[in-house]
Amino acid sequence: AQSVTQLDSHVSVSEGTPVLLRCNYSSSYSPSLFWYVQHPNKGLQLLLKYTSAATLVKGINGFEAEFKKSETSFHLTKPSAHMSDAAEYFCVVNSGGYQKVTFGTGTKLQVIP
Amino acid sequence: NAGVTQTPKFQVLKTGQSMTLQCAQDMNHEYMSWYRQDPGMGLRLIHYSVGAGITDQGEVPNGYNVSRSTTEDFPLRLLSAAPSQTSVYFCASSYSRRGNTEAFFGQGTRLTVV
Chain X
1 AQSVTQLDSH VSVSEGTPVL LRCNYSSSYS PSLFWYVQHP NKGLQLLLKY
51 TSAATLVKGI NGFEAEFKKS ETSFHLTKPS AHMSDAAEYF CVVNSGGYQK
101 VTFGTGTKLQ VIP
Chain Y
1 NAGVTQTPKF QVLKTGQSMT LQCAQDMNHE YMSWYRQDPG MGLRLIHYSV
51 GAGITDQGEV PNGYNVSRST TEDFPLRLLS AAPSQTSVYF CASSYSRRGN
101 TEAFFGQGTR LTVV
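So the protein lines, in turn, are chains X and Y. At position 108 of the first sequence (counting the first as 1) the number is 108 in the working numbering, and the numbers step up by one without a gap. At position 31 of the second sequence (counting the first as 1) the number is 31 in the working numbering, and the numbers step up by one without a gap.
Just so you know, these hints were derived from the structure itself, not from any lab. For glycine and all other residues, C-beta sits at the position ideal for the given N, C-alpha and C.
Label-pair distances were calculated between CB atoms; the ranges are:
no., chain 1, residue 1, chain 2, residue 2, range
1, X, 69, Y, 114, 44 to 54 Å
2, Y, 95, X, 58, 18 to 28 Å
3, Y, 20, X, 108, 25 to 35 Å
4, Y, 20, X, 77, 39 to 49 Å
5, Y, 69, X, 18, 48 to 58 Å
Just need the whole structure built from these sequences, with the hints factored in.
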C-alpha cells in the first residue's frame, strides 16, 4: 500500500523569501517520488523526481527536494520565491508498478509582491 | 512536437448524454492514462493502457470506457453522463510503464454535467 500527504493545502510567501512545501509518504517498497506543478488552467509539468539515486534532487526553476527515508518525507524547497511560482504543486508517489501512482491533494502556493 | 493534445478544452453535457474525450500524443509513448481532478482530492486514475490493444482499469473506472487502437490515440468515452462526472480530465503519457518514469500531461478537459 502507498499514500502521500501534503501537509498544507495553501502556503503564502512574500516574493524573494524561501518556499517550503511539505510532503510525507508511506510505501511498502522503495518508492519513486515526484513533484509536479500546475499553473492555472494548465496541465501538470514535472518539477523533479527521486528514483533512488542522490537524495537531494534538483529540478527546474530553482526548486529542489530532499528524500529523507527516516522521516518518510520529500519536501520541496526554493531559496527565493518568484511571482511566476504561484501555482498548485502535487507530490506523487509510485511504488514501482505503472498503475500504482498516488497523487497528493495539492498545495496552492501564493506569492505576495 | 505537440506533446499530449486533448480535445475539447471545455464541454457541457446534459445528464444521460454520451461523449468522447480525445487524447493524442506524438512522442511514441508506450503508456497512456486518464485522470480526473476534483477539488481537494488530487488526481485519480480512471483507466490506463500499456500499449495498443491493451487497457486496464484504474481507481475510478465506473461510467467510463477506453480503447487503444493506435499508439498515438487514447479516447475516453462517457457512456451516460452523470453530475458526479463533473470534473477536469487529464490525459497523460509516459515513454515507459516503469514507475520511475515521468508523465507528460495534456492541458485538460473541463467537463460540466447538468
